[in-house]
Amino acid sequence: MIKNILVLFIIIASFTNAQSSSPYSRYGIGDLKYSFSTRYQGLGQLGVSLQDKFHISTINPAAWSNFDRTKIEFALSYNSLFISDLKNKIFSAETEVEGVNFGFPISSDLGIGFAAGLIPFSRVSYQSKQNFSNPDSMFNNYDLILEGKGGLSRLFIGSSVKIPFDWSIGATLDYYFGNFKYLSAISFNNETNFPSEYNLLYNPSGIGTTLGILSPDLNTLLRIENLSNLKFGASLNVFSKFKTDSVVTSVSSVLLDTIAQYSDYMSLPTKFNFGLSFILKERYLFTFDYSSQNFSEYKIFSKTSDNLQNSYKLSTGFELQPLNELSSNFWERVLWRIGLSYEKTPYRFSGIGINQYSFFGGFSFPINPDNLIDISVQYSMRGTNEKNLIKEDFFKLNLSLVFNELWFLRFEK
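Numbering (our numbering), first residue to last: 10 to 422.
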C-alpha cells in the first residue's frame, strides 16, 4: 500500500502542475512557507512548542529531543486560487511536492536527535495579462503580460540535546538556494508591431541557522488540575547575506540579447517564532503561536521595497487525541484537528497592508501503530478590492506520509 501511495504522489505532481497566479508573490521572496508538516498545517501552520513521537518539526529543532525511532516524512500539496478585482474573477491551481524530512535518535537518554531535510521556504508563482487600447496611437491595441515563478528552498541538517532542568535546545545549519524568474512582455494585436519581452533572473544562495529551545512540562511546577504537557517553545531563523547572480535578457522577433549580468547580495531579516501548548484532560491539545519577520529591512542589490512591510502571524489550533492509540477500532485511533490564523503579510500597496485570514482542518489516519497518513485543508482570504487591488480566496490540500521505524539498533554482547 505504501508503494502505491508513493506512486500516486509522483503521478499527481506530474500531471497537475500549473501556476497559482498570485500577483502578490511578485514582491520580496514571494509567499512564505511556515511549516512542512501536514499536522502543523492543520493546527495553524506553526506549532513552535509541539513535540510528538511521529513528526519532525522544521520550525524548532529542539523538538527532536524525544526521537525514539527513525522518521521519514513526504509531503504533497494542491493549491487552488480565486482572484478577483472590481471587474474580473479568475481561477488557477497547481500541485507541488513539498519536500522530504529524515530524522533518527542518537541518544534517547541525552535527548540527542538528528534530522535533515529539503523543504520549500518561499514560493513565487503568478501570471497576469492586461489589455490596453488607445485609438489615437499607432500602438492602439496590445497586451501587457507579467509572469513569475520560482522561490527559495531550504536544505537543513541539525541536532538537539537536553540541558539541565530537562529543557531542550537544538540548532541547524541551513543552506538556502533557488531562483526567481520574472517575465515582462508586450504582445500587439496587429501584424505591424512585433512583440517583445524582458526576462529578469535572480539566483540567490547562502547559509543560515535555526536555533530553538523547548521547555519541559511546566505544569509539574504549576500543578494545575487536568492540565498536562504545558510547554513553551521559541526559535530563531538567522540568515547570512545571500550571494545573488542576476541576468537580464531581451527577446525580440529577431534576436535574444543579454542586456546586463551582475552579482550582488540579498539580505533577509531575522525571523522570530514563539509558541505555547498544553493538553487538557489528557485528550484535548491547544496551541498558540506567533511568528514575525521585518520585511521592511529586506534588500536585494542594496535596495529596499516600498511594497514590503513588517509581517507577523498569529495562530491557534486544537487537536482531539485518541483515548487509546492501540484500540482495534480504526476511528478511535484517528487524530482530528482544527486551526485559525491571522497574518499581516509582507505586502503593502498604496498604503494598504495585505492581510490574510485562514481556517484549517485536518486529521491523521493510522496505517499501523507507527505510520500515518496526514491530511489537512486550508481556506484563506487575502487582500481587498480597494484602490484597484485584488482579493484572493484560496483552498489548499496537504497530504503527508509519515513513517516511523526501528533502525540503527545496538545489541549488547
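Since the hints were derived computationally from the structure, they do not count as laboratory data. One should not assume that every hint holds.
27 Å max Cα-Cα, derived DSSO-like pairs, lysine-lysine [what the hints assert, rightly or not]:
| # | residue 1 | residue 2 |
| --- | --- | --- |
| 1 | Lys42 | Lys308 |
| 2 | Lys252 | Lys290 |
| 3 | Lys290 | Lys158 |
| 4 | Lys312 | Lys98 |
| 5 | Lys405 | Lys42 |
| 6 | Lys353 | Lys308 |
| 7 | Lys308 | Lys96 |
| 8 | Lys190 | Lys405 |
| 9 | Lys98 | Lys290 |
| 10 | Lys62 | Lys290 |
| 11 | Lys190 | Lys62 |
| 12 | Lys312 | Lys353 |
| 13 | Lys250 | Lys290 |
| 14 | Lys396 | Lys290 |
| 15 | Lys252 | Lys190 |
| 16 | Lys400 | Lys190 |
Pairwise CB distance ranges (calculated) [said to hold, decoys possible]:
| # | residue 1 | residue 2 | range |
| --- | --- | --- | --- |
| 17 | Glu206 | Gln330 | 48 to 56 Å |
| 18 | Lys308 | Ser137 | 20 to 28 Å |
| 19 | Ser117 | Leu155 | 27 to 35 Å |
| 20 | Lys138 | Ser214 | 45 to 53 Å |
| 21 | Phe310 | Leu236 | 37 to 45 Å |
As the structure is a computational prediction, the values presented were derived from the model and not from experiment. All C-beta atoms in this analysis are idealised placements derived from N, C-alpha and C, irrespective of residue type, glycine included.
A quick look at each hint next to the structure:
This hinted pair checks out: Lys42 and Lys308 have alpha carbons roughly 19 Å apart, not beyond 27 Å. The suggested pairing of Lys252 with Lys290 is violated, with an alpha-carbon distance near 51 Å, which exceeds 27 Å. Restraint check for Lys290 and Lys158: the C-alpha separation of about 47 Å exceeds 27 Å, so the hint is violated. In summary, the hint linking Lys312 to Lys98 is not supported, as the alpha carbons are separated by about 34 Å, beyond the 27 Å threshold.
Proximity of Lys405 to Lys42 is assessed by CA-CA distance (about 13 Å); at most 27 Å being required, the pair is judged to hold. The hinted pair formed by Lys353 and Lys308 meets the criterion: a straight-line CA distance of about 19 Å does not exceed 27 Å. Among the hinted pairs, Lys308 with Lys96 is inconsistent with the structure: their alpha-carbon atoms are about 34 Å apart, more than 27 Å. Taking the CA atoms of Lys190 and Lys405, the gap is near 24 Å; set against the 27 Å cutoff, the hint holds.
Annotation: proposed proximity of Lys98 to Lys290 is violated, straight-line Cα distance about 47 Å (limit 27 Å). Restraint check: the Cα-Cα separation between Lys62 and Lys290 comes to about 20 Å, which is no more than 27 Å; the hinted pair holds. Between the alpha carbons of Lys190 and Lys62 the distance comes to roughly 40 Å, so the proposed pair goes past 27 Å and is violated. As the CA atoms of Lys312 and Lys353 are separated by approximately 22 Å, the hinted pair is consistent with the 27 Å bound.
Distance restraint check for Lys250 and Lys290: the Cα-Cα separation of roughly 47 Å exceeds the 27 Å cut-off, and the hinted pair is therefore not satisfied. Between Lys396 and Lys290 the CA atoms are separated by roughly 50 Å; this puts the pair beyond 27 Å, and the hint is violated. Distance check on the hinted pair: Lys252 and Lys190 sit about 16 Å apart at the alpha-carbon level, within 27 Å; holds. For a cut-off of 27 Å, the pair hint linking Lys400 to Lys190 stands: about 24 Å separates their Cα positions.
Look at Glu206 against Gln330: about 54 Å separates their beta carbons, and that is inside 48 to 56 Å. The given range of 20 to 28 Å is respected by Lys308 and Ser137, whose C-beta atoms sit roughly 25 Å from each other. Judged by the Cβ atoms, the range 27 to 35 Å given for Ser117 and Leu155 is violated: they are separated by roughly 53 Å. In this structure the supplied range 45 to 53 Å is violated for Lys138 paired with Ser214, their Cβ-Cβ distance being about 32 Å.
Checked against the hint of 37 to 45 Å, the C-beta distance between Phe310 and Leu236 comes to roughly 51 Å, which is inconsistent with it.
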